[in-house]
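Engineer: Sequence:
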Amino acid sequence: MSDQDDTAQTPAARTVLYGSLAQAFNYPDEALAGALADGEFLAMPADVLPMRAIEILGPLGVYRGTGRKALLLDLERDYTWMFFASKPRIAYLFESVYNEGKLYQESTFQIARLYHDAGLKVEEAFKLPPDHIAVEFEFMAYLAFSESEAITKGNRENEQYARELQEKVLAEHLRPFAFALGERIHENAKTDFYRAMGKLLIQLFRP
Numbered sequence: 000m001s002d003q004d005d006t007a008q009t010p011a012a013r014t015v016l017y018g019s020l021a022q023a024f025n026y027p028d029e030a031l032a033g034a035l036a037d038g039e040f041l042a043m044p045a046d047v048l049p050m051r052a053i054e055i056l057g058p059l060g061v062y063r064g065t066g067r068k069a070l071l072l073d074l075e076r077d078y079t080w081m082f083f084a085s086k087p088r089i090a091y092l093f094e095s096v097y098n099e100g101k102l103y104q105e106s107t108f109q110i111a112r113l114y115h116d117a118g119l120k121v122e123e124a125f126k127l128p129p130d131h132i133a134v135e136f137e138f139m140a141y142l143a144f145s146e147s148e149a150i151t152k153g154n155r156e157n158e159q160y161a162r163e164l165q166e167k168v169l170a171e172h173l174r175p176f177a178f179a180l181g182e183r184i185h186e187n188a189k190t191d192f193y194r195a196m197g198k199l200l201i202q203l204f205r206p
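In numbering that gives the first Met the number 0, the protein residues as written are 0 to 206.
Read the hints as simulated data drawn from the structure, not as lab findings. Even for Gly, the Cβ is constructed at its ideal location relative to N, Cα and C. Heads up, some of the hints might be wrong.
Straight-line alpha carbon distances no greater than 25 Å define the calculated BS3-like cross-link-like pairs of lysine-lysine that follow [unchecked claim]:
| hint | residue 1 | residue 2 |
| --- | --- | --- |
| 1 | K189 | K86 |
| 2 | K101 | K120 |
| 3 | K167 | K126 |
| 4 | K86 | K101 |
| 5 | K86 | K120 |
Pair by pair, the computed Cβ-Cβ distance ranges are [to be verified]:
| hint | residue 1 | residue 2 | range |
| --- | --- | --- | --- |
| 6 | P58 | Y26 | 42 to 48 Å |
| 7 | R112 | A42 | 34 to 40 Å |
| 8 | A117 | A42 | 26 to 32 Å |
| 9 | Q104 | P58 | 31 to 37 Å |
| 10 | K120 | G57 | 38 to 44 Å |
| 11 | R67 | R112 | 37 to 43 Å |
| 12 | N154 | E29 | 21 to 27 Å |
| 13 | T79 | Q104 | 22 to 28 Å |
| 14 | E54 | A117 | 32 to 38 Å |
Could you put together the complete structure from these sequences and hints?
Structural biologist: This is how it looks when you write it as C-alpha cells:
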C-alpha cells in the first residue's frame with residue numbers, strides 16, 4: 000500500500016481499514032446498506048485514512064438517510080453487473096484471473112499457503128475462494144489484529160511475524176491486484192459507492 004506508512008500507522012487502524020474494505024467487496028448485504036444509510040461507513044475512515052483518501056468517500060454522504068431496501072438493491076445490481084453479468088466482464092474479484100487468466104491457479108494456492116502459515120484453515124475461516132479480494136482483505140485485518148494483540152501481550156516475535164506477513168501479502172498479492180481492480184471499478188461502476196471504492200483502491204494501493 001503506497002500510503003500505508005501514513006494511512007494506518009497502528010495495527011488497530013489497519014484492522015478497521017481492512018475489515019471495512021472486506022465488507023465493501025463482499026456481496027452487498029443489509030449490514031453494508033445500513034452502514035451507508037446511517038453514515039457509519041463514512042464515520043469509520045476518519046481514524047484510519049489520510050485526508051486525500053477521506054475526500055474520496057465524500058460522495059457517499061448522498062446515501063445518508065436513504066431507504067435501506069432500495070439502496071441494497073442498487074448495490075446488488077451494480078455488484079452483480081460488474082463482477083458476474085457484464086459481457087465482456089468489467090472486473091474479476093479473484094487474483095488468479097488477473098495473474099493467470101482463470102480461476103484456481105498458482106496465485107490461489109500461494110495466498111492459501113500464507114493463510115495456512117498464519118494458522119488459518121481456509122475452508123473454516125472463509126466462505127469464498129482464497130484469492131477473492133474480500134478474503135485477502137479479511138486476512139489482512141486478521142493479521143493486523145494479531146499484531147495488535149501481540150503488542151498488548153509484549154510478544155515481540157509474534158508482532159514481527161504478523162507485520163512481516165502483512166508486508167509480504169501486500170507486495171506479492173494485494174497491492175498489484177487491488178490497484179488493477181480499483182481502476183476497472185472506478186471507470187465502470189454505476190453507483191457512487193463502487194465508484195468511490197474503486198478510486199479508494201487506486202489511492203491506497205498505487206504501486
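Engineer: Next step is simple, just say for each hint if it's right about the structure.
Structural biologist: Hints, one by one, checked against the model:
1. Distance restraint check for K189 and K86: the Cα-Cα separation of roughly 15 Å lies within the 25 Å cut-off, and the hinted pair is therefore satisfied.
2. Distance hint between K101 and K120 is fulfilled; the C-alpha atoms sit about 23 Å from each other, no more than 25 Å.
3. Our distance criterion of 25 Å between C-alpha atoms is met by K167 and K126, whose separation comes to about 23 Å.
4. In summary, the hint linking K86 to K101 is supported, as the alpha carbons are separated by about 16 Å, within the 25 Å threshold.
5. For the hint pairing K86 with K120, the CA-to-CA distance comes to about 35 Å; that exceeds 25 Å, so the pair is violated.
6. Checking the proposed 42 to 48 Å range against P58 and Y26 shows it is violated: the Cβ atoms sit about 22 Å from each other.
7. Taking the beta carbon of each, R112 and A42 are about 37 Å apart, inside 34 to 40 Å as hinted.
8. Take A117 and A42: their Cβ atoms lie about 30 Å apart, and the range 26 to 32 Å holds.
9. Between Q104 and P58 the beta carbon distance is about 36 Å. The supplied range of 31 to 37 Å therefore holds.
10. In this structure the supplied range 38 to 44 Å holds for K120 paired with G57, their Cβ-Cβ distance being about 40 Å.
11. About 39 Å separates the C-beta atoms of R67 and R112, a value consistent with the hinted range of 37 to 43 Å.
12. Between N154 and E29 the Cβ separation comes to about 38 Å, which falls outside the hinted range of 21 to 27 Å.
13. A hinted range of 22 to 28 Å for the beta carbons of T79 and Q104 is consistent with their spacing of about 24 Å.
14. Our hint of 32 to 38 Å for E54 and A117 holds, since their Cβ atoms are close to 34 Å apart.
Hint compliance for this structure: hints 5, 6 and 12 are broken, all remaining hints hold.
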